[in-house]
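Construct all of the structure, not just a fragment, from the sequences and the given hints.
Chains G and A, in that order, give the protein sequences. Be aware that the first sequence starts at 1, since it is given in the numbering used here, and climbs by one per residue. Be aware that the second sequence starts at 1, since it is given in the numbering used here, and climbs by one per residue.
Just so you know, these hints were derived from the structure itself, not from any lab. Glycine is no exception: its CB is placed at the ideal position from the N, C-alpha and C atoms. Check before you lean on any hint, since a few could be wrong.
According to the in silico footprint, chain G covers these stretches of chain A (three or more CB under 8 angstroms from chain G) [stated by the list, open to error]:
1) 84-96
2) 108-120
In silico lysine-lysine, BS3-like type, Cα no more than 25 angstroms apart, as pairs [unchecked claim]:
3) G:Lys185 with G:Lys25
4) G:Lys204 with A:Lys69
5) A:Lys43 with G:Lys204
6) G:Lys68 with G:Lys160
7) A:Lys36 with G:Lys117
8) A:Lys105 with G:Lys229
9) A:Lys8 with G:Lys115
10) A:Lys36 with A:Lys117
11) G:Lys68 with G:Lys222
12) A:Lys69 with G:Lys113
13) G:Lys235 with A:Lys43
14) A:Lys37 with G:Lys89
15) G:Lys117 with A:Lys43
16) G:Lys115 with A:Lys36
17) G:Lys7 with A:Lys117
18) A:Lys36 with G:Lys235
Listed below are the residues making up each chain.
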Amino acid sequence: MQETMIKRAKELLADGTVSRVIGWKKGEFGYDSTPAVFETAEELDRDFVFDDFTASNVSKYLVKESRKDGKILAFLKPCDTYSFNQLIKEHRVIRENVYIIGIPGGPKLDVEKIKAKGITGILNKKNENYTLKIETLYGTETMMFYEAICGKCQDCKSKKHVIYDELIGEDGDVLDSSRFDMVEKLENMTAQERFDFWREQLSKCIRCNACRNVCPACTCEKCVFDNPKSGIENKAPSDSFEENMFHIIRAFHVAGRCTDCGECSRVCPQNIPLHLLNRKFIKDINELYGEYQAGADLTSKSPLTDYDTNDCEPSIVHERGVE
Amino acid sequence: MLKISVNKLDELFALISSKQTLYIPTDREAGIAEYKKWEQGMKLSNALNTVRSAKDFFFPQTENLVDFKMDGKNIEIIDIREESEDFVIFGVRACDARSFTILDKVFLVEPVDSYYKNRRDHGTVVTMACTRPAETCFCGVFGIDATEQAMLSATMTVKTSFSRLTTKRVRSL
Numbered sequence: 001m002q003e004t005m006i007k008r009a010k011e012l013l014a015d016g017t018v019s020r021v022i023g024w025k026k027g028e029f030g031y032d033s034t035p036a037v038f039e040t041a042e043e044l045d046r047d048f049v050f051d052d053f054t055a056s057n058v059s060k061y062l063v064k065e066s067r068k069d070g071k072i073l074a075f076l077k078p079c080d081t082y083s084f085n086q087l088i089k090e091h092r093v094i095r096e097n098v099y100i101i102g103i104p105g106g107p108k109l110d111v112e113k114i115k116a117k118g119i120t121g122i123l124n125k126k127n128e129n130y131t132l133k134i135e136t137l138y139g140t141e142t143m144m145f146y147e148a149i150c151g152k153c154q155d156c157k158s159k160k161h162v163i164y165d166e167l168i169g170e171d172g173d174v175l176d177s178s179r180f181d182m183v184e185k186l187e188n189m190t191a192q193e194r195f196d197f198w199r200e201q202l203s204k205c206i207r208c209n210a211c212r213n214v215c216p217a218c219t220c221e222k223c224v225f226d227n228p229k230s231g232i233e234n235k236a237p238s239d240s241f242e243e244n245m246f247h248i249i250r251a252f253h254v255a256g257r258c259t260d261c262g263e264c265s266r267v268c269p270q271n272i273p274l275h276l277l278n279r280k281f282i283k284d285i286n287e288l289y290g291e292y293q294a295g296a297d298l299t300s301k302s303p304l305t306d307y308d309t310n311d312c313e314p315s316i317v318h319e320r321g322v323e
Numbered sequence: 001m002l003k004i005s006v007n008k009l010d011e012l013f014a015l016i017s018s019k020q021t022l023y024i025p026t027d028r029e030a031g032i033a034e035y036k037k038w039e040q041g042m043k044l045s046n047a048l049n050t051v052r053s054a055k056d057f058f059f060p061q062t063e064n065l066v067d068f069k070m071d072g073k074n075i076e077i078i079d080i081r082e083e084s085e086d087f088v089i090f091g092v093r094a095c096d097a098r099s100f101t102i103l104d105k106v107f108l109v110e111p112v113d114s115y116y117k118n119r120r121d122h123g124t125v126v127t128m129a130c131t132r133p134a135e136t137c138f139c140g141v142f143g144i145d146a147t148e149q150a151m152l153s154a155t156m157t158v159k160t161s162f163s164r165l166t167t168k169r170v171r172s173l
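Rendered as structure tokens:
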């Protein structure tokens, strides 16, 4: 697949359809790929990588990249295409400047899951019939492939590419995923249990802002948390409750626009399950305003910015908010 | 060089804790370690390092610098500084311990940061040598050696823990 992608990228560069390519390049270790822009065939041959560890969603980079001169080729996995559609709707990307090739989705692997098994000094891995042979500083270790699957891939909602100019590989279907199971579990807890759960999880936050920076829905040029006039500007609030509000405020700001790409949880260095917060919002929106998947198409309006007589009444806040 | 059996580590912690506040790296959940005030029953983490570094003890992310009261146009400035209590941080890694010497170069030269100095004067750092570095470790690149950085250093092998006293402060513990 990597070879096919490089070959196609080189063709498009050579015939002038695009002047740049955005994909992933190898980092210092085998698991360490990062999004990167390539401008020549040599760079592609030397650095381009697409493997089990390239889980990152490159859509957000296109906000800046599509505003530069020339057209850029982007390789988007199914989940990434939802983010891109949403960005088009919000006028954050210039569609004409991006040539999209839809590529197969996951499951992708998460090196943190490998480390959680106590495997350290990880250098590289080999996949032998769904058993991972991991090469480390201390010898070779093995574990099952499925145990290392990235959290967001475990609840995959769709293998369908919702936008592309061409496809490599097959298109898939929208899946019947179990992504709201954990949200339901949280809903069934008592208010105190749920409060304690979130206080505990969110207190781990170190305000690295990785979740905000990677989120395709968070594209404000001046984030409220960086704006002295907003009243909630802070880098590191003085008490943990104020700290927790960062996540709740951010969840509200992306509500109705979050495509559930799962990047927020994947990048969190403290393993905070942020996707659960955003999924709760999605679940509520589905129940209160009708089923809605952000980014599934280019025309539907977010329920929170569109009025319909079937919308719930404001009294719902009182009905649901009181235990 | 002093030796202590690993099973006696809890007794050592209890002893230190009876004289000064002791902080050790302990697991919050599997593999994620953080510094916490030692309490009976707390286990020393096996993690290579804590998620937030020991720098927090000397240079916290936020702190209250001063209080002030407004009375019309009059401002009354209230100095809230107080002498820090003595404390011990056990199990600091060499890389983090080296960072203290760099911070000292910034905060302990004129004008001296009294908040930092206060904590630094009252803190005793006990480092723990690393026996199983990760692929991302950089101590070698910066010429950091586990045993040089702190007032007291320790190495843990399966059965025993070795420690080397390097200053008088530790003898008083």
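Hint by hint, here is what the structure shows:
Beta-carbon proximity to chain G at under 8 angstroms applies to 0 residues in the region 84-96 of chain A; the threshold of 3 is not reached and the given coverage is violated. Counting residues of the region 108-120 of chain A whose beta carbon lies closer than 8 angstroms to any beta carbon of chain G gives 0, which falls short of the minimum of three for the stated coverage. With a C-alpha separation of about 38 angstroms, the suggested pair Lys185 of chain G and Lys25 of chain G falls outside the 25 angstroms cut-off, and the hint is violated. Between Lys204 of chain G and Lys69 of chain A, the direct Cα distance comes to roughly 33 angstroms. Violation of the 25 angstroms bound is thereby established for this hinted pair.
Pair hint Lys43 of chain A plus Lys204 of chain G holds up; C-alpha atoms about 20 angstroms apart against a cutoff of 25 angstroms. Annotation: proposed proximity of Lys68 of chain G to Lys160 of chain G is violated, straight-line Cα distance about 29 angstroms (limit 25 angstroms). Taking the CA atoms of Lys36 of chain A and Lys117 of chain G, the gap is near 24 angstroms; set against the 25 angstroms cutoff, the hint holds. Our distance criterion of 25 angstroms between C-alpha atoms is broken by Lys105 of chain A and Lys229 of chain G, whose separation comes to about 36 angstroms.
Between Lys8 of chain A and Lys115 of chain G the CA atoms are separated by roughly 29 angstroms; this puts the pair beyond 25 angstroms, and the hint is violated. Only pairs whose Cα atoms come within 25 angstroms are accepted, and Lys36 of chain A paired with Lys117 of chain A is accepted, the gap being roughly 22 angstroms. Restraint check: the Cα-Cα separation between Lys68 of chain G and Lys222 of chain G comes to about 20 angstroms, which is no more than 25 angstroms; the hinted pair holds. This hinted pair does not check out: Lys69 of chain A and Lys113 of chain G have alpha carbons roughly 51 angstroms apart, beyond 25 angstroms.
Annotation: proposed proximity of Lys235 of chain G to Lys43 of chain A is violated, straight-line Cα distance about 32 angstroms (limit 25 angstroms). For a cut-off of 25 angstroms, the pair hint linking Lys37 of chain A to Lys89 of chain G is broken: about 51 angstroms separates their Cα positions. A hinted pair counts as satisfied when its Cα atoms are at most 25 angstroms apart, and Lys117 of chain G with Lys43 of chain A qualifies at roughly 19 angstroms. At most 25 angstroms may separate the alpha-carbon atoms for a hinted pair to count; Lys115 of chain G and Lys36 of chain A meet this at roughly 23 angstroms.
Between Lys7 of chain G and Lys117 of chain A, the direct Cα distance comes to roughly 60 angstroms. Violation of the 25 angstroms bound is thereby established for this hinted pair. Taking the CA atoms of Lys36 of chain A and Lys235 of chain G, the gap is about 23 angstroms. The hint holds against a cut of 25 angstroms.
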